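Each of the two chains sits in its own frame; use the hints to bring them together as a complex.
Chain order of the listed sequences is A and B.
Take any residue in the first sequence, note its place counting from 1, add 4, and you have its number in the numbering used here.
Take any residue in the second sequence, note its place counting from 1, add 6, and you have its number in the numbering used here.
I should point out that these hints are in silico values taken from the structure, not numbers from a laboratory.
Note that the structure is a prediction, hence the values are computed from the model and not measured.
Ideal placement from N, C-alpha and C gives every residue a C-beta, glycine not left out.
Just to be clear, a hint being listed does not mean it is correct.
Short derived list, chain B residues pointing at chain A, Cβ under 7 Å [stated by the list, open to error]: (1) L53; (2) A55; (3) A57; (4) L67; (5) P98; (6) F115; (7) F141; (8) T143; (9) L148; (10) N150; (11) W152; (12) L161; (13) L163.
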Amino acid sequence: MDLELIHFQILGALLFSIGLYGVLARRSAVLVLISIELLLNAVNINLIGLAALVDRPPDERVFGQILAIFIITIAAAEIGLALAIVLRIFRNRGTANTDEMDLMKW
Amino acid sequence: MSGELIVFYVLSAITVIGALGVVLDRNVVRATLMLLIALLGVAGIFLVAFAEFLALAQILLYGGAVTIVVLFSIMLTRTADLRVNLDNPQRPMAALIAIAAFVLLTLTFVNSDIGELDGTTSVAIPGADVGSSGFETVGDVLFNQWAIPFEIASLVLLVAMIGAIALARSDDPEDAGEIASGSPEGAGQKT
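Chain B on its own, in the form it takes in the complex (with noise of 0.2 Å):
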């Protein structure tokens, strides 16, 4: 059993139990925070197949940003009581559902002959030559290559950021007013 294998291993445990504990737990905080470290783990897998600059971006995207902003809207969504059923009724059919497609996948993956397939190895990463697939190939190909993507992805970037300012603005001019003036009581506690 080689090294890669056993952080590969260790790696995939974190991952799956974060992400049990993100549809299992009775806690909605703590289903997000289980989600961080799901995310954290998929990191790992990913500096472990040499993709770095996708493990920084994972770190900095949703460890930064997604839980975040789940954690603020499950702050501006609060009901009285976080530990109310958090759950569907139809939740045996659900598991039926994920464990037949797990069982599904499984066999698919494990019955295809993708490995043999002209152009790929299933042996093992090789390493000698992946140094140069790190910053510098992605920045290359995604610039050259896919640039016209890279735009079209920006774009849907700013369309979604603005059409999440949109929605999400209060359009009570009561609200907008005690925002712009600030509320009297902070001011005072200011001084």
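With the rest of the complex left out, here is chain A (with noise of 0.2 Å):
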């Protein structure tokens, strides 16, 4: 038996899974960022076992991998901004906890 599509596949809807949970289930805030952390890893297994597995030659065969590096750097944008956000509302407010950041909820 040989590593397959299907192993990355099945690893990559694992970690997606568990980040999903951590950001529905998780109170506060810098936890649910580093849980979408999860979840942007888990897109980028995928990608890279289709960038490995596909029979094409090598110039087309790192797109996936292309497309990994603009995944990783967004989600180093999107880290670096949020708990900048988180701070600031941590100051403003005293918490950093989801539940307790009802500011605009009706």
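As structure tokens, then:
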């Protein structure tokens, strides 16, 4: 039995589900953000698996890797900006818990 | 069972255990360190799939930068006790949704025929000609065919960096003066 595409896909699905649970179940905004990192990495695993297994010339095969590079870039920008926002909210409102940030709740 | 499959399973186990630690651990700092384990496991998965550049970028960015930034923000947003209740009351519903998502995704992947589609192979990673899809090919394709998206991505990073600095900066003038002049106690201890 060899390494197949389905292995990457199942691992990606598993990681995605765990991250989804973290996003929904965690209270602290910082922990929600690191769960989002898990989601993005699950997508990257999927892309890399496809990039490794697609039967194309090398300069087309790396498209999956290029997309993963952009996802990592956006993830880095996202976590920096989001943590700055969390820090700001903590400074202004004294809490970093998502269920206590209910200022805009109707 | 081939060697790379065994390596893949070991790395998957590390990744999944780390990820479970991130979402289940009662201690915030330990959850963040579990994130480091999970992300390094993902870097190993990238290596198995012949994505050397991404594995290195993953280690540098997540192992180095993201974990440190998250630890700093945990330190700065710390309330009195780290071991307060970290989870929502909506936990059971979240678990249900996560399991449903996993089942749905797995069923989709198992039943999809993407392995038989034109231009994909589901047998194994072709070993011989993958060596050329390393750093050279990634750099070549990234800077020739994807040059404009690359520049836009760097612009996004720049904007995010400026935004993060502008947001996290203290706009209290007393704080700014203290940082600029340095605290007198610290200066006294140095001399």
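Verification of the hints:
1. L53: Cβ of B:L53 sits 10 Å from chain A, so the hint is violated.
2. A55: 4 Å, holds
3. A57: Nearest chain A Cβ about 5 Å off; hint holds.
4. L67: 6 Å, holds
5. P98: Status violated, d = 9 Å.
6. F115: At 4 Å from the nearest chain A Cβ, B:F115 passes the 7 Å test, so the hint holds.
7. F141: 10 Å, violated
8. T143: Where the cut-off is 7 Å and the nearest Cβ of chain A is about 5 Å from B:T143, the hint holds.
9. L148: Since the shortest Cβ distance to chain A is 6 Å, the answer is holds.
10. N150: Nearest chain A Cβ about 9 Å off; hint violated.
11. W152: 5 Å, holds
12. L161: 10 Å, violated
13. L163: For B:L163, the interface hint holds, since the closest Cβ of chain A sits about 5 Å away, which is under 7 Å.
Hints 1, 5, 7, 10 and 12 from the earlier list are contradicted by this structure; the remaining hints agree with it.
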